[in-house]
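These protein sequences, in sequence, are chains A and G.
146 is the number that our numbering gives to position 146 of the first sequence; each next residue is one higher, with no gaps.
67 is the number that our numbering gives to position 67 of the second sequence; each next residue is one higher, with no gaps.
If you're looking for bench data, these hints aren't it; they were derived computationally from the structure.
Check before you lean on any hint, since a few could be wrong.
[As the list claims (entries may be wrong)] Just the calculated beta-carbon pair ranges, DEER-fashion:
| id | chain 1 | residue 1 | chain 2 | residue 2 | range |
| --- | --- | --- | --- | --- | --- |
| 1 | G | Ala45 | A | Ala224 | 55 to 65 Å |
| 2 | G | Val103 | A | Tyr75 | 49 to 59 Å |
| 3 | A | Asn228 | G | Asp79 | 45 to 55 Å |
[Said to hold, decoys possible] Which bits of chain A does chain G cover? Going by a derived footprint, with three or more residues having C-beta under 8 Å, they are:
| id | stretch |
| --- | --- |
| 4 | 71-85 |
| 5 | 108-118 |
| 6 | 391-397 |
As the structure is a computational prediction, the values presented were derived from the model and not from experiment.
Where a beta carbon is used, it is the ideal one built from N, C-alpha and C, also for glycine.
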Amino acid sequence: MKRSYVRTVAVLAAGLLVTAMAACGDDGGPGGDAVSLDDGTTLTLWTRAATESVSKAYAEAYNATHQNKVEVTAYPNEEYPAKLASAAGAKALPDLFAADVVFAAQYASQGLWTDITDRFGGLDVKDKVAPAHVRAGTWDGRNYAVPHTIDMSVLLYNKDLYQQAGLDPEKPPTTLREFADHARAIDKLGGDVNGTYFGGNCGGCVEFTFWPSVWAAGGDVLDAEGRNAKVDSPEMAEVFALYRALYEEGVAAPASKDEAGPTWLGALQGGKVGIAPGPSVWLGLIEEKGVKMGVAPISGLAGGESTFVGGDAIGIGATSDKAAQAWDFLTWTMSEEAQVEVIAKNKGVPTRTDLAANKYSSADERIVAINSLMAKGKTPYAQNFNASFNDPQSPWLQTVRGALFGDATKALADGNTAITRSLQQS
Amino acid sequence: MSTMVTSPPDRQTPPQPEPARAARRRRSGAARRAAVGALYATPTAVMVGLFFVVPLLLVGWMSLHRWPLLGQPTLNLPDNYTGIADNTLVRSAVWFTLKYTVVMTVLLFVVAFGLALLVQHRRPGVGFFRTAFFLPMTVGFASASLLFLGLLSDEIGPVNDLLSAVGLIDGYVSWTSGSPDTALGSAVLLVLWRFAGFNMLILLTGLQAIPPEVYEAARIDGASRWQTFRRITLPLMRSSIALVLTLMVTGSLLAFDQFWILTRGGPDNSTTSLVMVIYREAFVRLDLGSAAGISVALLAVLLVFNIIQLGVLRRRSH
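Build the full structure now, drawing on both the sequences and the hints.
See below:
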C-alpha cells in the first residue's frame with residue numbers, strides 16, 4: 001500500500017512536471033518560418049457564434065482536401081473577448097482565432113496574433129484582399145490578421161409591405177430622407193406593422209447602420225488614426241435627428257429604444273417592419289422565414305452610398321507553435337477556390353475584391369449589389385474601439401441614447417469629448 | 001501514552017537511564033503524531049494555498065503593475081490606484097452598488113425571514129411550500145437571468161401581455177432598460193425570486209434550533225406574539241441572522257450576472273455594478289493591472305464590512 005502511494009505521488013509529480021514543461025514550451029513563441037505546411041497537424045480555431053457557420057464551412061472544405069485538420073470552437077458573442085483575454089493571459093491561445101474586425105487593431109497591438117507581414121507579403125493576391133480588413137489587422141506597419149468573413153450594412157426592405165403601402169418594391173430609396181418617407185408610408189398600414197426598426201440600446205448596431213449615412217454624405221466619425229472622435233459633426237447630428245423623428249412619430253417600432261441586439265434579427269424576421277438598415281448576412285436568414293426582401297445601399301441624407309465593412313478578421317494565435325500549418329489554412333481561405341466555392345456559394349461576400357462578381361453572385365442581382373458596395377465602404381480603425389463604441393458601458397452608447405431620446409446637442413458635444421478621451425486612453 | 005511511560009524496561013536491550021528514555025519516546029511519539037497530522041492537512045493546505053492564497057497575492061502583485069496579456073509586466077505603482085479616483089464609471093458604480101446592496105439586503109432579509117416564519121411549523125402541505133420556495137435556487141443564476149430577460153421582453157415574453165390584459169399597464173413598457181428604476185426593480189425581483197428560498201432555509205434552521213420550552217415558558221408567563229418574537233426569536237437567531245446578512249451584503253457588493261445579462265448595466269450606466277467595471281477594465285480595455293487595483297480596493301471594503309458586521313453581532317451575542 002505504501003509502495004502504491006509512493007508510485008501515485010511519483011506519477012502525479014511526473015504529470016505536473018510534463019505540464020509545466022509544456023507550458024514553458026509555449027513561451028518559446030510560434031515556431032516555423034514563412035512557409036506553409038500541410039503535414040496532418042490538427043489546428044484549433046476559435047470564433048464567435050455570429051460567424052460560426054462560415055468558419056465551419058471553411059474548416060469542412062479545407063479538411064476534405066488537406067491533411068491538416070481544423071477544429072472550430074465557437075463562443076457566445078458577448079463572452080468571446082473575455083475568453084480570448086483569459087486564454088492569452090494563460091498563454092494558451094488557439095492556433096487560429098477570428099475576431100470582430102473592429103477589435104483587430106486592439107488585439108494586434110496587444111500582440112495576441114503572430115506577425116504575418118512576411119507571409120502575407122509573399123502572397124500573389126495580397127492586393128486583392130479586402131483592404132479595409134487588412135488595414136484593421138495592421139499595427140505599427142506590421143500585419144497580424146487577414147479577412148475571415150465579411151458582413152456589410154445595407155437597407156433591407158419587405159417587398160410585400162412595400163406593395164401594400166402603394167410603393168414600388170423595385171424602387172428602394174436613394175436618399176435617407178426618401179427612406180424615412182417610405183417608412184412613414186408603410187407605418188400608415190397600421191396594426192402591428194411598423195415603418196422601421198433600429199437598435200437604440202446597442203452601440204454596435206447603431207454604428208453599423210448609422211455611420212454609412214455619415215460617410216455617404218462625405219462626413220466622418222473618427223480620424224484616420226482612431227484617436228479623435230467626430231461624432232459632433234453636422235452630418236452625424238442630421239442622421240440622428242432623422243431617426244429620432246421616426247421614433248417620436250411612432251414610425252420606428254417602440255422596442256427600438258430598448259433593442260440591445262439580441263432580438264434585432266427576430267424583429268425583422270417577424271415580417272412587420274417595412275424597411276430597416278441591417279447586416280447583409282441577414283438577407284438569407286429573414287427570407288428563410290418566408291419574408292420577401294429587397295436590398296438597397298444605405299445612403300446619406302441627400303444621396304450617396306456607403307456601407308460599414310464588418311465581419312471577422314483572423315490571425316495565428318501568438319502562443320501557437322503550429323504557425324506554418326495555420327498559415328497554410330489562412331492562405332487557402334484567401335484562395336479563389338475557398339472564396340467562390342465556400343463563401344459565394346453560400347451567398348456570402350467574398351473577401352477578395354477581384355471575386356465580387358462570380359458564377360454564384362450573378363444568379364442574384366441583390367448579391368451583386370451587396371458585393372459591389374465593398375469598394376464604397378469603410379471599416380473604422382481604432383485601438384480602443386471596443387471600449388469606446390461597442391461595450392455597453394462605452395461613452396458612445398450614452399451619446400447614442402442622448403442623441404435619440406434625450407438632449408441631442410448636449411449628448412453629441414459631451415459624447416465627442418468622452419469618446420475622444422476613451423480613444424486616447426493608453 | 002501513560003502506558004508507555006509506566007511500562008517496565010525491556011531487559012533484552014542495554015539498560016538506559018529511565019527518565020531520558022521515556023522523554024525521548026514521548027518526544028518521538030509527539031513528533032510522529034504531528035507529522036501524521038501535518039500530512040493529513042497537507043492536501044487541504046496545498047489546495048487553499050494554490051487556489052486562494054496564491055491568486056490573492058497575484059492580484060495584489062498585479063495591482064502594482066502595468067500587466068499586458070502577453071509580455072513582461074512593468075511596475076507602475078501607484079497608477080492603478082490613483083486611476084480609480086479618475087474613473088467616472090467607478091464613481092457611479094460605487095454609488096449604485098451601495099444603493100443596490102442596501103435595497104437588496106433589506107428586501108431579501110424581510111422576504112426570507114417572512115417565508116421562514118410562514119413555513120416554520122409542521123402542518124399539512126408545509127413541505128410543498130418549503131420545496132417551492134427553495135426550488136428557484138436549483139436554477140443556475142445566469143440561466144435565471146436569461147429566463148427573466150425572456151419573460152420581461154416585450155418581443156417574446158408574456159409579462160407585458162398579461163399585465164395589459166388585467167389593465168395594469170397600457171402600451172409598451174420596457175422593464176429591463178426603460179428607466180433606471182424599472183431596470184433596478186427587474187434585477188431586485190430576479191434576485192428575490194432566486195435567493196429568498198436559500199436564505200429562508202438558513203433562517204429556518206436557526207428558528208428550529210430554538211427549544212420549544214422557551215416559547216412554552218413565555219406563553220405561560222403571558223407574553224404576546226410580538227413580545228415572544230422580539231425577546232426570544234430575534235435574540236436566539238443572532239448567529240443565523242449574522243450569517244445571512246453577511247452572505248447578502250457580500251453577494252450584493254459582488255453583484256454581476258443579473259446586471260450583465262438582464263440590464264447590460266443600462267440604461268445609461270445606471271445599473272453598472274462595481275464588478276462590471278472590473279470586468280470592463282480586464283476584458284474590454286485589457287488593462288489587467290487596473291482591474292486588479294479595483295479588485296483589491298473592493299476586497300478591502302468587503303473585509304471592513306465583514307469585520308464590522310461580525311464584530312457587532314458577536315459582541316451582542318455575548
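Hints and how they fare:
For the hinted restraint 55 to 65 Å between Ala45/G and Ala224/A, the CB-CB distance of approximately 57 Å keeps it satisfied. The hinted range of 49 to 59 Å is not satisfied by Val103/G and Tyr75/A, whose Cβ atoms lie roughly 34 Å apart. The hinted window of 45 to 55 Å between Asn228/A and Asp79/G is violated, with their beta carbons roughly 24 Å apart. For a cut-off of 8 Å, the count of residues in the stretch 71-85 of chain A with a CB near a CB of chain G stands at 3, and the three-residue condition holds.
With 3 residues carrying a beta carbon less than 8 Å from a beta carbon of chain G, the stretch 108-118 of chain A meets the three-residue requirement, and the given coverage holds. Residue count for the stretch 391-397 of chain A with a Cβ under 8 Å from a Cβ of chain G: 4. That meets the three needed, and the coverage hint holds.
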